[in-house]
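Let the hints inform the model, and build the full structure from the sequences given.
So the sequence shown is residues 723 to 783, counted in this note's numbering.
Read the hints as simulated data drawn from the structure, not as lab findings. Quick caveat: nothing in here was measured; it's all calculated off a predicted structure. Note that CB positions come from ideal geometry on N, CA and C, so glycine has one too. Zero decoy hints are in this set.
With a Cα cut of at most 25 Å, we get these calculated BS3-like pairs of lysine-lysine:
(1) Lys725 / Lys782
(2) Lys725 / Lys781
(3) Lys781 / Lys729
Taking CB as the label site, the calculated pair distances span:
(4) Met762 / Arg724: 17 to 23 Å
(5) Phe759 / Lys725: 25 to 31 Å
(6) Val735 / Ala761: 17 to 23 Å
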Amino acid sequence: MRKALNKRLPEEVFSRIHQDIGTASMCWKKPEGAGNFDAMRASNIAFELCHYVADLIDKKN
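Following this line, the structure appears as structure tokens:
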């Protein structure tokens, strides 16, 4: 089981990762043909990235 992110990662890092995933998801050359935005999938990707960063920080400490 993973440790809670709020005890491992600063809130500003957590928020920035989620914001940037959302921003990147809207960067299409032709937005009309890009398909549907899957907010749940984007959120899961952001959480996985947060855990990855937190794991790296834990290893260095």
